[in-house]
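Chains as they are written, first to last, in the working numbering: chain B, 2 to 547; chain F, 71 to 251; chain R, 6 to 474.
By construction, these hints were calculated from the structure, which means they are not laboratory data. Keep in mind the model is a prediction, meaning the values are calculated, not measured. All C-beta atoms in this analysis are idealised placements derived from N, C-alpha and C, irrespective of residue type, glycine included. Do not rely on the hints blindly, as some may be mistaken.
Said to hold, decoys possible - Dumping the calculated SDA-like pairs for lysine to any residue here, alpha-carbon to alpha-carbon at most 25 Å:
1. K387(B) with L135(F)
2. K304(R) with D136(F)
3. K127(B) with Y146(B)
4. K247(B) with E144(R)
5. K387(B) with P181(F)
6. K247(B) with N402(R)
7. K394(R) with V211(B)
8. K285(R) with N316(R)
9. K392(B) with D247(F)
10. K285(R) with T381(R)
11. K186(F) with G391(B)
12. K392(B) with P152(F)
13. K460(B) with V196(B)
14. K387(B) with I164(F)
15. K348(R) with S232(B)
16. K348(R) with V211(B)
17. K348(R) with D247(F)
18. K247(B) with A293(R)
Said to hold, decoys possible - Sample of chain F residues facing chain B (criterion: CB under 7 Å; computed from the structure):
19. P181
20. H184
21. A207
22. S240
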Amino acid sequence: MANDFSADVIVVGTGVIGCIVAEQALDAGLSVLMLEAGPRVERWQIVENFRNVPPQYKQNWNAPYPPKPWAPHIESELADATTDYLQLEGPNARAYRQGYVRYAGGATWHWAGICWRLHPDDMQMKTLYGVGRDWAFDYKTLDPYYNRAEYALGVCGPSEVELQWPPLPRSKPYPMGRLPFGQGEQRFTEAAARVGVTNLPAPQARNSGVSYDGRPPCCGNNNCFPVCPISAKYDAASALPRIESKGGRIRENAVVYRVETDEKQNIAAVHYFNPDKQSQRVVGRIFVIACNAIETPKLLLMSKDERNPNGVANRSDQVGRNLMDQPKISAQLLLSEPMWTGIGPVQGSSIIMTGQGDFRSKHAGALLRCENAALSAAGGQAALAKGLVGKALDTEIRRLSACTARLTIEHEILSDPNNRLTLSDKKDWLGLSKPNIYYDVGDYVRRSHRDYTLPLLKKLIAELGAVESTIATTFTNSDHMMGSCIMGTDPGNSVVDVDCRSHDHPNLFLPGGAAMTTGGCGNSTITMAALAMKASDSIVEQLRRG
Amino acid sequence: MTHLYRDDAPEEFSLTRRKLLVGSALVAGGVSLSPLDWAQSTGSAVQAGESKFMELSSLLINHHLDAEVGARMATAMMRINPTLIQDVDAILSIAKLRNARIVEEFYADVPAGHLKDTAYAIISAWYSGVIENSSNAEVFAFETALMYQPTRDVMTIPTYAISGPSGWTSEAPPMSDMPTF
Amino acid sequence: MHNIMRLIGIVICLAYASSNAFATDDIQEAVMRGAYMATASDCIACHTSAGGKPFAGGLPIASPVGTIYSSNITPSAAGIGRYTEDQFARALRAGIRADGANLYPAMPYTAYQLLTDADIHDLYMYFQHGVTAVDTVPEQTALPFPMNIRLSMKLWNLLFLGHTSKKADPTKSADWNRGRYLVDGAAHCSTCHTPRGFMMEELPGQYLGGAQVGPWFAPNITSDIDSGIGSWSKAELVTYLETGNLAGKAQAAGSMAEAIEHSFSHLTAQDISAIATYIKTVPPQHTASDHQSRFSYGKPYSALASLRGANPIRSDTDVEAGGAQLFDGNCASCHQARGQGSKDSYFPALFHNSATGLANHSNLIATILYGVNRTTPQGQVFMPGFGGKVNNVNVLNDEQIATLANYVIDQYGRGDTPVKSEDVAQIRAGGPTSPLLLLARMGIAIAAIVGVVCIAFLIVAWRRRAVNK
Chain B
2 MANDFSADVI VVGTGVIGCI VAEQALDAGL SVLMLEAGPR VERWQIVENF RNVPPQYKQN
62 WNAPYPPKPW APHIESELAD ATTDYLQLEG PNARAYRQGY VRYAGGATWH WAGICWRLHP
122 DDMQMKTLYG VGRDWAFDYK TLDPYYNRAE YALGVCGPSE VELQWPPLPR SKPYPMGRLP
182 FGQGEQRFTE AAARVGVTNL PAPQARNSGV SYDGRPPCCG NNNCFPVCPI SAKYDAASAL
242 PRIESKGGRI RENAVVYRVE TDEKQNIAAV HYFNPDKQSQ RVVGRIFVIA CNAIETPKLL
302 LMSKDERNPN GVANRSDQVG RNLMDQPKIS AQLLLSEPMW TGIGPVQGSS IIMTGQGDFR
362 SKHAGALLRC ENAALSAAGG QAALAKGLVG KALDTEIRRL SACTARLTIE HEILSDPNNR
422 LTLSDKKDWL GLSKPNIYYD VGDYVRRSHR DYTLPLLKKL IAELGAVEST IATTFTNSDH
482 MMGSCIMGTD PGNSVVDVDC RSHDHPNLFL PGGAAMTTGG CGNSTITMAA LAMKASDSIV
542 EQLRRG
Chain F
71 MTHLYRDDAP EEFSLTRRKL LVGSALVAGG VSLSPLDWAQ STGSAVQAGE SKFMELSSLL
131 INHHLDAEVG ARMATAMMRI NPTLIQDVDA ILSIAKLRNA RIVEEFYADV PAGHLKDTAY
191 AIISAWYSGV IENSSNAEVF AFETALMYQP TRDVMTIPTY AISGPSGWTS EAPPMSDMPT
251 F
Chain R
6 MHNIMRLIGI VICLAYASSN AFATDDIQEA VMRGAYMATA SDCIACHTSA GGKPFAGGLP
66 IASPVGTIYS SNITPSAAGI GRYTEDQFAR ALRAGIRADG ANLYPAMPYT AYQLLTDADI
126 HDLYMYFQHG VTAVDTVPEQ TALPFPMNIR LSMKLWNLLF LGHTSKKADP TKSADWNRGR
186 YLVDGAAHCS TCHTPRGFMM EELPGQYLGG AQVGPWFAPN ITSDIDSGIG SWSKAELVTY
246 LETGNLAGKA QAAGSMAEAI EHSFSHLTAQ DISAIATYIK TVPPQHTASD HQSRFSYGKP
306 YSALASLRGA NPIRSDTDVE AGGAQLFDGN CASCHQARGQ GSKDSYFPAL FHNSATGLAN
366 HSNLIATILY GVNRTTPQGQ VFMPGFGGKV NNVNVLNDEQ IATLANYVID QYGRGDTPVK
426 SEDVAQIRAG GPTSPLLLLA RMGIAIAAIV GVVCIAFLIV AWRRRAVNK
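Here chain B stands alone, though its shape is the one from the complex:
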């Protein structure tokens, strides 16, 4: 039973993964204590924070979430390198400047809500294409967990079979029907079709047309990132009251800094600091570290002890390695005809068929999408910069807002053990190591961009009728951290087993992005959530067996 410092299941991290595991455990009659490094806030405060952010900072998704000193994440402005939390190096350091939120509720506060599943072929990269790794199970095994995850989050998607992805018959319908397109997405869909690719409505964790779990349906507030003001988009913060009503206990401002093993290599306890830098010890029967692919390996490495000199759960030396994301290339266009983005949610569709093909033996697949965030502020500031006044200013604002489009390419990446997180010598406010990350997207991605995605992007740009375009030459982050506690059947080269259980410690689970064997080109969250469902079943079964 739970008291202040013990429970059956100790969950570190109150993001979507931690909340799924916590709720599954509570529903099975287990006691749960959740530890969250950061604060717990009310939604209205975040909404007001966002409104109070100056316009040129409004697209820094972390800006409404000022970090607490004891739970740093990237700041909304970069003062100088020495106060950076993420110590980034390597040819593509910029592409791992990941935005996540160390607040109760985690990064789903500001995620896009997009729920692309893996394609079955994404799970067999080695067998099919001779690159990367194969997952330890197939898509069919993961399918029922995908269904449960979609119903837990409340995912809406198209009922028309020809609009569904992956292109397989679904074993269960989407919980809700799809959301309509605004004009921008409609135009992009038509342009894509003329170029020979299909822009599909995205499955998304957004209530569509009806309430779900007591949350209202999407009303086009167009602010999914950085925060949905009405929680029509699922975010883990909305799960917290329900978890508490089921008897789960949540302790915020508790920074776990050490995972303690015993002589049998079970996890005996975790230790956390409170904001007064006092240490507390928490015991349990099962421990779940659900802090995604940067904070989880960081914690494991910091926990090294005599029995585990390379870090907890790290006999394979893979903890922190194989970091993946979807290296991103952005483009901004000015069209001759109005596009009118900003109607409906900020993302609602993607071209994802471009992630599949025989070319994957040579270069990466990728997803392409047209962003749907309102560009009125961008248009406004751009028009002002031209020094216009009066009616000319208003007309130009309207024109630039309507005629600007932003396109994005997100490439898949191969797991490379050199893309790794280690502990930096630099310390944070609590005296804990900051994460040091080396990242190189690799030639597999660079070839893809040179030979495949950039030409396709240019075709789309031309088809949309762009009169100006700027295409980034730097890869940036997609915030889809994966791979750093990689799943596999061989304890020699993987960190967790098929249930996200550490190979080295039978009562330690590491579900989420870190466990993903490959990333594909689609947003990672729903796959992470499916893994959390699978891990939960295993946790419940393990405790039932005693």
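Chain B is already provided as a structure; the job is to place chains F and R on it using the hints.
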């Protein structure tokens, strides 16, 4: 020196590369000059200053403007531009010389340099809702920042519902429409 | 309407497949008519629990004297499967169960007593042949002593249950008479909208003048221009009954939302017109302190000119937020920055809105706490609650809701009496309680003491007489 970036965009889109908002002569990363002690002015002087600021604002921006927002803006602008009151007077005289009722009738006559920068700064402030480029700039207006108004018939101001559930379509009104504001 | 008829047809066929009764056209038509009357009487709203099977009972109904659970009225032995038509009629009209026990007037038999024999027959046919039997016995009502003594209802009925059947008024149109029959009978409007006296009887002199119903307030719907709905046209009343939404005036929530969803939105246009015709003629009840209608208060307003950007960007929410701040953060995203509502009026304006314009603030508080959830053929209307239910995502405490409500009524509604956090706590607990329970107990205690004293006196007197002899 603050370094502005978007989380998901590379340096190319960094907004420091764009000549933004307030004229460059006025702001350099939010450095404050020795402020005029606004509070020491007499009540009536403050009011006269504010009403002149509103008068000029209405000439420079031919839309409905909120006087309370204007007062806040003027106070903050005084701190960055100690000659604001004199600038306002000077630009007003130019407008009066032309019998101008709208900005197009006198803006070209405002001499380039400090006065033009001031006029432009006032227009920028009303449209963007801020008067400076820093990350902790006071946001005087968001919902009423004018840059959101020309597209208000189609786009929502972010965080505000556009309609009831799923209440939007892929139809959009013609570009030639301009909402009144 | 069409869909319901089709559905009933299917249900009837299935019922026939499982029962031995042979279908005759008469029974089929009676069942269909009965289904319609059951919709008009809104039986389903009370006799179905959340997530439960239709008519299987178990819904907890908050009353000022305790919780009353609705009964199973499906044709099962656990329900009314063994009821004869006479017993069924007696339950509906006199409030007496088949076993002779009295029903509490949460069951509006005081209204259903007006139902004609023909309608009662059709209802009986529907409940015996058109409803799927459910064999579970729901939770039983156990009111605190002495209310659990159902016998006391016999006295109450003697006092307050009229036995007059309202014959049609020949001076009025057929429409009007039909309207009165529905309003006073099946739709039982007066059981919510008429204030009750100390013994919880409806006060006929204040017919439809407005009354508290748990956490909600069923407002004055008489023809008074300022206190009632005299300012509405008949067409507006029809719109409201059909959809629950009259833009710029009123939106149904709480029990009225249920009534719209399950009952009014499914009635024929003719019957809605009849109800509207009758309601427009209800004698005005005027409250002296009402100087304008509850639909006429307020105008667009926003505090953002001073509030926007005034507070720093914070990672703490334990700050004392004022009403304007709470409004901006929690309400404005849907109701818009100046409270003007969305362009398609899905989100209503907060001014010119009866929820904010009533002197009684229960509906505003209850809406903030419990939200709105109302589905009609046009779709679902949904507002989340802010802490009234355990799983609400955004939770405001009593103090915050009082602060927010005061801001809303000051800027958009009728602000003469402020909202206190105790008011919010009371609504959160289910609404005002009645002193009836306490006084009944006190009364019984006093009567018992008096009784004991009298007996003691008599014994003493008798003994003295015996001694003196």
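For each hint, the structure was consulted:
no. : hint                 : result
1   : K387(B) with L135(F) : holds, 22 Å
2   : K304(R) with D136(F) : holds, 17 Å
3   : K127(B) with Y146(B) : holds, 23 Å
4   : K247(B) with E144(R) : holds, 23 Å
5   : K387(B) with P181(F) : holds, 17 Å
6   : K247(B) with N402(R) : holds, 20 Å
7   : K394(R) with V211(B) : holds, 19 Å
8   : K285(R) with N316(R) : violated, 50 Å
9   : K392(B) with D247(F) : holds, 12 Å
10  : K285(R) with T381(R) : holds, 24 Å
11  : K186(F) with G391(B) : holds, 15 Å
12  : K392(B) with P152(F) : violated, 30 Å
13  : K460(B) with V196(B) : holds, 7 Å
14  : K387(B) with I164(F) : holds, 23 Å
15  : K348(R) with S232(B) : holds, 21 Å
16  : K348(R) with V211(B) : holds, 19 Å
17  : K348(R) with D247(F) : holds, 17 Å
18  : K247(B) with A293(R) : violated, 49 Å
19  : P181                 : violated, 14 Å
20  : H184                 : violated, 15 Å
21  : A207                 : holds, 4 Å
22  : S240                 : holds, 4 Å
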